Structure formats: C-alpha cells, structure tokens
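As they're listed, the protein sequences go chains A and B.
Its first residue numbered 1, the first sequence is counted upward by one per residue in the working numbering.
Its first residue numbered 314, the second sequence is counted upward by one per residue in the working numbering.
Everything labelled a hint here was simulated from the structure, so no lab data went into it.
Quantities reported herein were computed from a predicted structural model and do not represent experimental measurements.
All C-beta atoms, glycine included, are put in the ideal place defined by N, C-alpha and C.
Any given hint might turn out to be false.
Residues on chain B that point at chain A, a partial pick, calculated with CB under 7 Å [what the hints assert, rightly or not]:
no. : residue
1   : 349
2   : 399
3   : 421
4   : 435
Below, a sample of chain A positions facing chain B; criterion: calculated Cβ distance under 10 Å [claimed, not checked]:
no. : residue
5   : 37
6   : 95
7   : 99
8   : 102
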Amino acid sequence: MSDFLSRKDILGLRDFTRQEIELVLDTAASMEDILQREIKKVPSLRGKTVVNLFFEPSTRTRTSFEIAGKRLSADVVNFSAAVSSVKKGETLLDTARNIEAMKPDVLVVRHSSSGAPHFLARHLSVPVVNAGDGRHEHPSQGLLDLYTIRKVKGRIEGLNVLILGDILHSRVARSDIYGLTTMGAKVTICGPSPLIPREYQALGVEATWDINEALRGKDVVIVLRIQLERMESSFFPSIREYVRYFGLNRERMKLAKEDAIVMHPGPVNRGWELADDLADSDVSVILQQVEAGVAVRMAILYLLAHVREEVES
Amino acid sequence: MGSKEKVIMDGKSIDRALSRIAHEILERNKGADDLIIIGICTGGIPLARIIVDKIKKIEGVEVPSGYIDITLYRDDLSRIGYHPKLKKTEIPGSIDDKTIVLVDDVLYTGRTIRAAMDALIDFGRPKAIQLAILVDRGHRELPIRADFVGRNVPTSRSEVVDVKVEGEVKEWKVVIREREENE
C-alpha cells in the first residue's frame, strides 16, 4: 500500500483509486485519535498556511476545514466572496493568483460553478482541495461518508447503500457514488424521476422511483437535502408531495435492514426529507459524520501539504 | 545487503543488555511504582514489551505500558524518504506525575526523541521522562542522551543499524550495514 498521495490536488473522487481512499481513511483514523485527547493539536503543519477560498456561502464545510487546519497547527485564513473583490469584477483566476502570491500551502476552494477548482488547479502550483463545486463533486464529504460507514459498519465492500433524494443537483451524491462503488459497495439511487440523472447507468448504480422497493435490504441510507436554492425550475409539485413519496421516516426505515444507519450531509430540512424522530434516533449517524469530517479534512490537509514538499525537493 | 552485513549483537547479548536495563530502571526509580514504559513506533515497541516482561519477572509487577507514534511531531517532513504514513498511539491512563521510560531501538540524531518528548507532553505533565536505548550509535544533533543504554556502537553516517527482536531469543540480532542507494 502506498504511503503517499501521488497527486497535487483533491478535486473529486471520480479518479481516486481504492488505495488512495484507504490511505486517506487510515490517516483520518489516526487524526481522530488526536481529537479524543485533552490537547487536540499536533505541530505537523506548523508554519503552513491554509486558505479557505469560498465563493459560495458555507458555514459547516468552511468551519470543518478551519478546525482541521488549526488542529494541525496550520494558520488558516478565510476568504469569502461576499467581502472580497470578486464583487468588484475581478476574475476567478485573478483572485486566485493574488492569493497564491501570498504563498499559501493549500487552497480550499468552494464555487457555485462546476469545474472552478479544476480550473484553478491547472493554473496554480499550490495544491487545491475542492470543497464543493456546483453540482459536480464534494470529495471531502464523500470521504467522510466513507469513513463514517467504515467506522460504524466495519467495512464498505459488499454493503447495500441507498442514496435518496435530489441526485441530479447533488455534488455529495456524485462523490459518494464514485467513492462507494470504488470501494465495492452496491449503490442504489432513488428520488423523483426528474431528479435522477439520465446517465445513472454509467455511474454503476441502480435507480428506482419507488422508495419502498429502494429501502428493502439496505445497510446504509444516505438522505440528501432538498436544495431549493439549486433548482432553477420546479422539479416536483410541492414539498408536501415530496415528503409523501420520498420523505424518510421511522415507519419506512423498517424496510431497511434491522441494523441499518441513516446519514445526511446536513443541514437537515427537518420534516421534509428526513422526519424529526428519525433524525434524532440512534440509527442516525449525522453527528458522527460531522465529527469524522474534521478528522478526514485533517488527513487531506496533511497528505497534500506533504506532497508539495516532495515535489519541491 | 547480505555480504556487507555485520552482526554486532546476537540474541544472547541483546537479552542480557535488556535484563540489565530492566534492573537499572528499577534501581534508578527505587522500584516500579508510578512507572510507565512507552515504546516509540515502531522499533521501540517490541523492546518495551520485553522490558515490561523482565520487570515483571524481577519485581512481580506488571508496569503499565503503551506506544507512541511521533510522525506528526517530526521536524523533517520535507526530507526525502520520509514516510507520512501515520501509526497509532496508545498511552495507558494519565501520565501526570508518572515517570515515563521512553524506549527505542537506536539512538542517532536525537530528533526522534525530541519529537517523542513533545508528543508525550501533549498528554500531560509527567514527573520525569527517562530514555532507554538498545544501541547508541552517536552523531547526535540535539542535546539528548540516554539514561539506559544497551551498547554504544561507533558508526559512520553512511551505515545503517538494524535491530531485530522478533521470535525466539536466538533469532534476535543487531546488524550494521552500508546504507543502500534508495534508502
């Protein structure tokens, strides 16, 4: 097994190998140990700077990356579009070049356009982490989902996983699908038919429009957020109708395996895609996902900051 | 590597050295009270285990023991050949006001020990930290010395010291050899 991540950037899980995923997850497991200590900080990225470059509002992911960097003793700077010169008409590349000139060691980028982090990665020498690009990928979320599943279930290979909801607009779904299938899980997607991507077969997953059929025999159910902000037009008649056909609740969850778990990338629209009682029940591992997020992002920053030094020396 | 390899300690002499170290640890600390033995990943782990066994035979006490991974505390992240693969750390209970004996196989520049002390201090405030080493090969770059030494061996920087203490005592050995090109 490789000890190095032989890439400069983490842009998506599409081309991640099983070995690379395992390296990140194993590294994250060691990072999680640190988070249990009284002093939750190690000096390995001392003197390094991580810049969170967010062109789209985000509290959780940004905070998670910020804490991850600080736990490793990196200096973390947040740069958000709302207060930046993007509003003054500066182009994406100009903004990024300006930031690169300040010599950061890792750039964490979120952007509402798919491919924006890839564009920056091609033009900049600093490692770029995609923290979510449009409806394309969200690799750190995909990795933390894999980490949580492996931790709770003891394995990923051979598990039956359902991803439920708005697959079409979800970068989380895409990263989850790539990661899960690479690790040998069997993935089913389910949601209102306009929200199921037409090319789903190419993704190596099964699709169904019947939630009862979809839930049967599943080990893991990943519920996606209804993202009204990403829908340009109406993809389903009403929230009420969505809840009736695709909302997950305790009663429906009985169709899945007895020890099945429920996951959600947050923030939850309580009572919409996920019923209150289920979100707070012990089959829900939502808070464990958040906890895993810090450990996985520590692993990502650690592995990338190291790669750069390898390239330079 | 075979032909250039030179055995500098065999199983018997390693075993004797570790017995002596176990006695010295007990003598210095006037018994095994408040002692914790910590092996440094990965070479120090089997040695720490052997020392714990020996103390048990001598004193009849099972001293708490653990191991520590110092990867995240290193100061040579940028050096070629450095492997960032993280290992596990396991510290038994609180180390506050305990005497910690750090155990490693080879003492060289002292940088590993510096990192191990930094890592330990993040877990609490030990009363004292002592260092037990099987082979001290010299070339220190930091003001660090061992409290308990199996053997002092003069080496050149182009050489490598390998310690093997797996299986039966007769299979144990310490060898010295020339560093290979890709090492």
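Each hint, compared with the structure:
The closest approach between the C-beta of residue 349 of chain B and any C-beta of chain A is roughly 16 Å, which is over the 7 Å cut-off, so the hint fails. Taken as an interface hint, residue 399 of chain B checks out: its beta carbon lies about 4 Å from the nearest beta carbon of chain A, inside 7 Å. For residue 421 of chain B, the suggested interface contact is broken, since its CB lies about 21 Å from the closest CB of chain A, more than 7 Å. Proximity of residue 435 of chain B to chain A holds as hinted, the smallest CB-CB distance being about 4 Å (cut-off 7 Å).
Taking 10 Å as the C-beta contact cut-off toward chain B, the hint placing residue 37 of chain A at the interface holds, the least distance being around 7 Å. Taking 10 Å as the C-beta cut-off, the interface hint given for residue 95 of chain A is violated, the closest approach to chain B being about 29 Å. For residue 99 of chain A, the shortest C-beta to C-beta distance to chain B is roughly 23 Å, which exceeds 10 Å, and the interface hint is violated. Evaluation of the residue 102 of chain A hint against chain B yields a violated restraint, the C-beta minimum of about 20 Å exceeding 10 Å.
In summary, the numbered hints that this structure violates are 1, 3, 6, 7, 8.
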